[in-house]
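A.B. asks: The primary structure of each chain is shown beneath.
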Amino acid sequence: MKFTGTKNYVSTEDLSMAVNATIALERPLIIKGEPGTGKTLLAIEVAESLGMELIEWHVKSTTKASQGLYEYDAVTRLRDSQLGDERVKDIKNYIKKGKLWEAFESDKQVVLLIDEIDKADIEFPNDLLQELDRMEFYCYETGETIKAKKRPLIIITSNNEKELPDAFLRRCFFHYIQFPDRPTMEGIVKVHYPKIKKALVKDALDLFFDVRKIPGLKKKPSTSELIDWLKLLMSDELPDEILKNADTSKAIPPLYGALLKNEQDVQLLERLAFMSRRDQAK
Amino acid sequence: MLINLFHTVRSAGVPCTLRELLDLLGALEKNLAFADMEDFYFLSRTILVKDEKNYDKFDRAFEIYFKGIETLEDIFEALIPEDWLRKAFEKELDPEELKKIQSLGGLEKLLEEFKKRLEEQKERHEGGNKWIGTNGTSPFGNNGNNPEGVRVGGEGGNKKAVKVWEQRQFQNLDDSVEIGTRNIKVALRRLRKFARQSTDYELDMDGTIKSTARNAGILDINMIPERTNHVKVLIFFDVGGSMDPYIKLCEELFSALKTEFKHLKYFYFHNCVYESVWEDNRRRTQERFLVQDIINKYSADYKVIFVGDATMAPYEITNAGGSIEHWNEEPGGATIRRLCDHFDRVAWLNPVPDDHWDYTSSLCIIRELVDNRMFPLTLKGLEEGMSELSK
Numbered sequence: 306m307k308f309t310g311t312k313n314y315v316s317t318e319d320l321s322m323a324v325n326a327t328i329a330l331e332r333p334l335i336i337k338g339e340p341g342t343g344k345t346l347l348a349i350e351v352a353e354s355l356g357m358e359l360i361e362w363h364v365k366s367t368t369k370a371s372q373g374l375y376e377y378d379a380v381t382r383l384r385d386s387q388l389g390d391e392r393v394k395d396i397k398n399y400i401k402k403g404k405l406w407e408a409f410e411s412d413k414q415v416v417l418l419i420d421e422i423d424k425a426d427i428e429f430p431n432d433l434l435q436e437l438d439r440m441e442f443y444c445y446e447t448g449e450t451i452k453a454k455k456r457p458l459i460i461i462t463s464n465n466e467k468e469l470p471d472a473f474l475r476r477c478f479f480h481y482i483q484f485p486d487r488p489t490m491e492g493i494v495k496v497h498y499p500k501i502k503k504a505l506v507k508d509a510l511d512l513f514f515d516v517r518k519i520p521g522l523k524k525k526p527s528t529s530e531l532i533d534w535l536k537l538l539m540s541d542e543l544p545d546e547i548l549k550n551a552d553t554s555k556a557i558p559p560l561y562g563a564l565l566k567n568e569q570d571v572q573l574l575e576r577l578a579f580m581s582r583r584d585q586a587k
Numbered sequence: 034m035l036i037n038l039f040h041t042v043r044s045a046g047v048p049c050t051l052r053e054l055l056d057l058l059g060a061l062e063k064n065l066a067f068a069d070m071e072d073f074y075f076l077s078r079t080i081l082v083k084d085e086k087n088y089d090k091f092d093r094a095f096e097i098y099f100k101g102i103e104t105l106e107d108i109f110e111a112l113i114p115e116d117w118l119r120k121a122f123e124k125e126l127d128p129e130e131l132k133k134i135q136s137l138g139g140l141e142k143l144l145e146e147f148k149k150r151l152e153e154q155k156e157r158h159e160g161g162n163k164w165i166g167t168n169g170t171s172p173f174g175n176n177g178n179n180p181e182g183v184r185v186g187g188e189g190g191n192k193k194a195v196k197v198w199e200q201r202q203f204q205n206l207d208d209s210v211e212i213g214t215r216n217i218k219v220a221l222r223r224l225r226k227f228a229r230q231s232t233d234y235e236l237d238m239d240g241t242i243k244s245t246a247r248n249a250g251i252l253d254i255n256m257i258p259e260r261t262n263h264v265k266v267l268i269f270f271d272v273g274g275s276m277d278p279y280i281k282l283c284e285e286l287f288s289a290l291k292t293e294f295k296h297l298k299y300f301y302f303h304n305c306v307y308e309s310v311w312e313d314n315r316r317r318t319q320e321r322f323l324v325q326d327i328i329n330k331y332s333a334d335y336k337v338i339f340v341g342d343a344t345m346a347p348y349e350i351t352n353a354g355g356s357i358e359h360w361n362e363e364p365g366g367a368t369i370r371r372l373c374d375h376f377d378r379v380a381w382l383n384p385v386p387d388d389h390w391d392y393t394s395s396l397c398i399i400r401e402l403v404d405n406r407m408f409p410l411t412l413k414g415l416e417e418g419m420s421e422l423s424k
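Chains as they are written, first to last, in our numbering: chain Y, 306 to 587; chain L, 34 to 424.
The hints are simulated quantities; they were obtained by calculation from the structure and are not laboratory data. A hint or two may mislead.
[Unchecked claim] Restraint ranges, calculated between C-beta atoms of paired labels, are given here:
no.	chain 1	residue 1	chain 2	residue 2	range
1	L	T292	Y	L522	49 to 55 Å
2	Y	K495	L	E312	56 to 62 Å
3	L	K291	Y	L537	35 to 41 Å
4	L	P278	Y	I501	42 to 48 Å
5	L	E312	Y	E568	25 to 31 Å
6	L	D377	Y	Q435	36 to 42 Å
7	L	L236	Y	S371	56 to 62 Å
8	L	H296	Y	S371	28 to 34 Å
Cβ coordinates follow ideal geometry from the N, Cα and C atoms, glycine included.
Next up, chain Y with everything else stripped away, as it sits in the complex:
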């Protein structure tokens, strides 16, 4: 069982190695990287290429670790008891299984994605130490221990908004997705738009890397923005010359809205373009 990327996802050698180590040693893998470099997509593609089911757990600021295990719906049980419902006698009817329980229970090995773990409370990762290490937990209400039948492949993504505790990191493997270099980027574009004209890709990439190089941008455009932008360029069927002549120093790129998500960045670009035009006019 080896992961080398899929037809929809370009994986670099180091990323493939990280995923393969995770598969072999059954340890969770933490993925970090700039927003838009395909962290979440990785889990989806790993699941697809290995033919496993994917269970996604999206973490929010209010998510608690215990919600991933199970939740005891005391309120429904209370209401049922007052209405004299028969179900009330079995406490199991009121245990809602969480994503971790689902993953542990599955007969086949699954991929469990814990998305954006840094969004949760600082204590969140600490509360999952035992569960991720031994892949088992105890359900107090029913008195049973849930143990993973097949250790799931756990992929955790983080945007670095909070630092993860050391004890948690010790139990995981780590990979930082670096911003793709040009050849990788060309590969990524090819995967998404196989029919796109080579010339368009070249010009667009030139422009894209130029924009990324501008100092002082609040949010540099990333891979997913490039893909969106190319989609727009293609659907608009712009004549090739527009891109070719659109040197960032002379004019702002066409359909820049897909690349730059920040008003100040757009203004910065406009100002740079204006200054360069003014210099040329002299």
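Given the coordinates of chain Y, assemble chain L onto it according to the supplied hints.
C.D. replies: Coordinates of chain L only, in the frame set by chain Y:
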């Protein structure tokens, strides 16, 4: 069994433990990386390093380890064997160059010099005119243009893999140089102290369920006060003059502070804190606050943060009348001392990199005044500062 690699990586400052080493050995046992340096590099990085800011340290350690530079004797012997130097080397030189070698005192002297510099030098080096490295004009190194030079290492049939860690792509992720509002906020969270105070106005879900169950199912609603951040902060910002290069950094710090703390008061000063400070830079002449009033008004549990480069003439701190803007009756140092005496927790954040601190005498004076509680305005320094404040 990779124990040496493990120690090299650890001594480079990458925090990894025995557990990771065992994991790595386990991975090797499963044949994840067999006889391929690049694979092994990726594998060991995945397992041993847990934060991208340590990638650069790891790359350096990896390079050191696999170049076999364990002792300086070794590298010296490995890189320039004696006979190679004598025969091949001298053959390569034309008479003119041979003459130039004499300027350094001949081959013997050159080798000795090389060894000496190797000992002084600890890191990879590029450019420059003294150290051993690449593209420089020193007599030692690679790709250089000194005719008396000795070429060291480099070229050869290195695999692509060697380049991966030699490139040190992660250099700028190291050492918390990058600092932004978001990062600052995360660092500031260390200061949070949540407490439930004031009146009850939030539904206590767990409490309600528990007491309702205890009440045999008859609803019993419990309320609790909302959790709020109870840290109180006073900030003194240095503005103008030498602080101008740090405006962007200070702006980011300021905006992070403003959203993070509910109880926040800020004042400005110029160079050194004197008997009065101001709250609005546009009205700094009309509206000033006496430091004594601030001490009287705010209780000792307020955390005080100074932000300034502490770079000025020493007399601006130590002498009465030292201020460059007005006549101060009392030296600025005394005012700072009084603030430190009144408030329990004080930290001075300094945008000047901390390796330059010792060269500025005013900075040393201020540092002493705040009892060494000065921290560089980097993420790491900020974290240290916040943990000092929250002690």
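A.B. asks: Hint by hint, note whether the structure agrees.
C.D. replies: Hint by hint, here is what the structure shows:
no.: 1; hint: T292(L) / L522(Y): 49 to 55 Å; in the structure: violated (22 Å)
no.: 2; hint: K495(Y) / E312(L): 56 to 62 Å; in the structure: holds (58 Å)
no.: 3; hint: K291(L) / L537(Y): 35 to 41 Å; in the structure: holds (37 Å)
no.: 4; hint: P278(L) / I501(Y): 42 to 48 Å; in the structure: holds (45 Å)
no.: 5; hint: E312(L) / E568(Y): 25 to 31 Å; in the structure: holds (30 Å)
no.: 6; hint: D377(L) / Q435(Y): 36 to 42 Å; in the structure: holds (38 Å)
no.: 7; hint: L236(L) / S371(Y): 56 to 62 Å; in the structure: violated (19 Å)
no.: 8; hint: H296(L) / S371(Y): 28 to 34 Å; in the structure: holds (33 Å)
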